[in-house]
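Student: Chain residues, written in single-letter form:
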Amino acid sequence: MNYTYVIDAVLTMGGLAALLGLVLSIASIKLHVETDPKIVQIAEVLPGTNCGACGLPGCEGAAEAIANGDAPYNVCVAGGYNVATKVAAIIGVEAEDAEVKKVAVVGCGGGSGKVKICYLYDGISQCAAANELISGPLACDYGCLGFGDCAISCPFDALRMGDDKLPKVDREKCTACGICASACPRGIMKLVQSDGDFNVSCNSKDQGKNVRKVCEVGCIACKICEKSCPEEPSAITVDENLAEFNYETCTNCGVCFEKCPTKCIQSAEGNKRPVSSSVKKST
Amino acid sequence: MGEIERYLLIFIGAALIYNILLIRFIGLCPFFGVSSSVETSIGMGLAVIFVMTVASAICWVVWNYILYPLGVGEFLYIPAFILVIASLVQFEEMVIKKTSPTLYKALGIYLPLITTNCAVLAAATESVKPGFLKLHVAYHFSFLEAIIYSLGVALGFTVVIIMFAAIRERIDVAPVPKSLKGYPIAFITAALMSLALTGFTNLFGL
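Sequence lines, in order, name chains U and B. Sequence positions in the first sequence follow my numbering and run 1 to 283. Sequence positions in the second sequence follow my numbering and run 1 to 206.
Read the hints as simulated data drawn from the structure, not as lab findings. A quick note: this is a predicted structure, and the numbers were derived from the prediction, not measured. Among the clues, some could well be false.
[Said to hold, decoys possible] For lysine-lysine, the following DSBU-like pairs were computed, each having C-alpha atoms within a straight-line distance of at most 35 Å:
| # | chain 1 | residue 1 | chain 2 | residue 2 |
| --- | --- | --- | --- | --- |
| 1 | B | Lys98 | U | Lys38 |
| 2 | U | Lys259 | U | Lys101 |
| 3 | U | Lys173 | B | Lys98 |
| 4 | U | Lys263 | U | Lys205 |
| 5 | B | Lys178 | U | Lys86 |
| 6 | B | Lys98 | U | Lys86 |
| 7 | U | Lys116 | U | Lys38 |
| 8 | U | Lys190 | B | Lys178 |
| 9 | U | Lys38 | B | Lys129 |
| 10 | U | Lys205 | U | Lys101 |
| 11 | B | Lys181 | U | Lys38 |
| 12 | U | Lys205 | U | Lys223 |
| 13 | U | Lys213 | U | Lys259 |
| 14 | U | Lys116 | B | Lys181 |
| 15 | U | Lys168 | B | Lys98 |
| 16 | U | Lys30 | B | Lys181 |
| 17 | U | Lys168 | U | Lys38 |
| 18 | U | Lys114 | B | Lys181 |
| 19 | U | Lys165 | B | Lys97 |
| 20 | B | Lys181 | U | Lys190 |
| 21 | B | Lys178 | U | Lys30 |
| 22 | U | Lys101 | U | Lys223 |
| 23 | U | Lys30 | B | Lys97 |
| 24 | U | Lys227 | U | Lys209 |
| 25 | U | Lys173 | B | Lys181 |
| 26 | U | Lys165 | B | Lys178 |
| 27 | U | Lys30 | U | Lys116 |
| 28 | B | Lys178 | U | Lys116 |
| 29 | U | Lys165 | U | Lys227 |
| 30 | U | Lys173 | U | Lys223 |
[To be verified] Far from chain U by the CB rule (all over 10 Å, computed), these chain B residues:
| # | residue |
| --- | --- |
| 31 | Ile49 |
| 32 | Val54 |
| 33 | Leu67 |
| 34 | Leu192 |
| 35 | Ala196 |
| 36 | Phe204 |
Note that beta-carbon positions come from the ideal geometry of N, C-alpha and C, so glycine has one too.
Bound conformation, chain U alone (with noise of 0.2 Å):
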């Protein structure tokens, strides 16, 4: 047995390991780039879930961002406030007051048969597809299309599709970034201080019969909560045949929630709702 091979071998293998290795140690010396220890500091306080909704690219660069004065320290929509303090006290600034903080609500109470249908789609399982196909399958055309883009864009998994095809939020995991509102084609996500219990689950501005004549559930723009209000002024108003809260005087009493005739106030435990019974069945 000729052992110079396995000599030769081991030689080799160390020698280029080692000249390897020799040169990969003067290398990171010699090309070590300077990272700023802000950039590290902010990044381990920012959630790391990469959502976008700052939009910056990731996490990471919102952190060099925000270290390089490019963005304000509150930028990270998702972090909210507890975030923006503690990116505050690492770059020196002052924490301006806490925030309020919001959660997104879903402003339609549709869903399969509550609303009529006018045909029936057989394409694209997206709503942004379903919404560019003669304004959608729905008769409603403010409506929830039920295909879940919101859902999908969720980075924290706090939107889910429902039975009835409505997205349901877990406010909880919610973080107010806004991606479900952009996602969606019709602009029903919205953002409410999430101190408010109740919110509108409607999005239709048509007027009242011609909702009533799609819809169970739709805000006929009665103005019965208008008056109902126990504020004054009301906390809540009728614009553009829409009832709208102002969350700034409302006081969550829930007066508005019982009166309302077709139901499309809702509760935001659970998502609950009374079962709509003085509504007028469309023909």
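On the provided structure of chain U, position chain B as indicated by the hints.
Tutor: Relative to chain U, chain B alone:
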């Protein structure tokens, strides 16, 4: 056979006729892993072109001046080349980070993926031992031939992965039967593309 002609044959043979992905099925993990969108596949393709060419050049030098003269190449080339390629990728990453932050942003996340990519090892091995391939145009590649060969392999890789990504983007919105959604239909697509590329067999007598 003229010199230029031989270079062309090596290039076309490496890129098309013996395409590394669709004819020889080497490097399939990035082919399926990084081909979900055209943008990422372009980044991966560029990184492969860059690393494969440089790695083959260095491996050619290591083989011809260290391994072959010592007579240990036959059984040592795989660990030696892996060692060379892995350190080279590390080194390149540092150089790019230092010299061109823009390029680093474009290639940065793909470079570590290529460290132990089998396609890179295959190209490096074949540029010193062309006998693996039925390319009878050259038995021992010269340095220039080795570079042309690995460039051809890398370009073949890039073109195919970009085409595949474009097709997959269309398939994503197509009404695919539920049981075939995702990877199954991707494998069927790859098989059909592979069939199409076998049409090049025997082109120019290669």
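Student: Each hint: holds or not?
Tutor: Hints, one by one, checked against the model:
For the given pair, Lys98 (chain B) sits about 19 Å from Lys38 (chain U) by alpha-carbon distance, which is consistent with the 35 Å threshold. In summary, the hint linking Lys259 (chain U) to Lys101 (chain U) is supported, as the alpha carbons are separated by about 28 Å, within the 35 Å threshold. With a C-alpha separation of about 40 Å, the suggested pair Lys173 (chain U) and Lys98 (chain B) falls outside the 35 Å cut-off, and the hint is violated. Distance check on the hinted pair: Lys263 (chain U) and Lys205 (chain U) sit about 17 Å apart at the alpha-carbon level, within 35 Å; holds.
Annotation: proposed proximity of Lys178 (chain B) to Lys86 (chain U) is violated, straight-line Cα distance about 46 Å (limit 35 Å). Distance restraint check for Lys98 (chain B) and Lys86 (chain U): the Cα-Cα separation of roughly 30 Å lies within the 35 Å cut-off, and the hinted pair is therefore satisfied. Simply put, Lys116 (chain U) and Lys38 (chain U) have alpha-carbon atoms about 56 Å apart, too far for the 35 Å limit, and the pair is violated. Note on Lys190 (chain U) and Lys178 (chain B): the hinted pairing holds, with a Cα-Cα distance of about 33 Å set against a maximum of 35 Å.
At most 35 Å may separate the alpha-carbon atoms for a hinted pair to count; Lys38 (chain U) and Lys129 (chain B) exceed this at roughly 50 Å. With a C-alpha separation of about 27 Å, the suggested pairing of Lys205 (chain U) with Lys101 (chain U) holds against the 35 Å cut-off. Taken as a hint, the Lys181 (chain B) and Lys38 (chain U) pair is broken in the structure, with Cα atoms around 44 Å apart against an allowance of 35 Å. Distance hint between Lys205 (chain U) and Lys223 (chain U) is fulfilled; the C-alpha atoms sit about 14 Å from each other, no more than 35 Å.
Restraint check: the Cα-Cα separation between Lys213 (chain U) and Lys259 (chain U) comes to about 21 Å, which is no more than 35 Å; the hinted pair holds. Between the alpha carbons of Lys116 (chain U) and Lys181 (chain B) the distance comes to roughly 31 Å, so the proposed pair stays at or under 35 Å and holds. For the hint pairing Lys168 (chain U) with Lys98 (chain B), the CA-to-CA distance comes to about 48 Å; that exceeds 35 Å, so the pair is violated. Simply put, Lys30 (chain U) and Lys181 (chain B) have alpha-carbon atoms about 49 Å apart, too far for the 35 Å limit, and the pair is violated.
With a CA separation close to 38 Å, the supplied pair Lys168 (chain U) and Lys38 (chain U) exceeds the 35 Å bound. Distance hint between Lys114 (chain U) and Lys181 (chain B) is fulfilled; the C-alpha atoms sit about 32 Å from each other, no more than 35 Å. Straight-line distance between C-alpha atoms of Lys165 (chain U) and Lys97 (chain B) comes to about 48 Å, which puts the hinted pair past the 35 Å bound. A hinted pair counts as satisfied when its Cα atoms are at most 35 Å apart, and Lys181 (chain B) with Lys190 (chain U) qualifies at roughly 32 Å.
Straight-line distance between C-alpha atoms of Lys178 (chain B) and Lys30 (chain U) comes to about 54 Å, which puts the hinted pair past the 35 Å bound. For the hint pairing Lys101 (chain U) with Lys223 (chain U), the CA-to-CA distance comes to about 29 Å; that is within 35 Å, so the pair holds. The straight-line distance between the Cα atoms of Lys30 (chain U) and Lys97 (chain B) is roughly 12 Å, inside the 35 Å bound, and the hint therefore holds. At most 35 Å may separate the alpha-carbon atoms for a hinted pair to count; Lys227 (chain U) and Lys209 (chain U) meet this at roughly 20 Å.
Under the criterion of a C-alpha separation no larger than 35 Å, the hint pairing Lys173 (chain U) with Lys181 (chain B) is consistent with the structure, at around 29 Å. For the hint pairing Lys165 (chain U) with Lys178 (chain B), the CA-to-CA distance comes to about 20 Å; that is within 35 Å, so the pair holds. Between Lys30 (chain U) and Lys116 (chain U) the CA atoms are separated by roughly 70 Å; this puts the pair beyond 35 Å, and the hint is violated. Only pairs whose Cα atoms come within 35 Å are accepted, and Lys178 (chain B) paired with Lys116 (chain U) is accepted, the gap being roughly 28 Å.
Simply put, Lys165 (chain U) and Lys227 (chain U) have alpha-carbon atoms about 32 Å apart, close enough for the 35 Å limit, and the pair holds. In summary, the hint linking Lys173 (chain U) to Lys223 (chain U) is supported, as the alpha carbons are separated by about 34 Å, within the 35 Å threshold. Non-interface call for Ile49 (chain B) relative to chain U: holds, since the shortest CB-CB distance, roughly 22 Å, exceeds 10 Å. Residue placement check: Val54 (chain B) keeps its beta carbon more than 10 Å from all beta carbons of chain U (closest about 14 Å).
Distance to chain U contradicts Leu67 (chain B) as a non-interface residue, since its nearest Cβ pair spans about 7 Å, not more than 10 Å. No beta-carbon of chain U is positioned within 10 Å of the beta-carbon of Leu192 (chain B); the least distance is around 23 Å. Listed as outside the interface, Ala196 (chain B) is consistent with that label: its C-beta sits roughly 27 Å from the nearest C-beta of chain U, beyond the 10 Å cut-off. Non-interface status of Phe204 (chain B) relative to chain U is upheld: no Cβ of that chain comes within 10 Å, the nearest being about 38 Å off.
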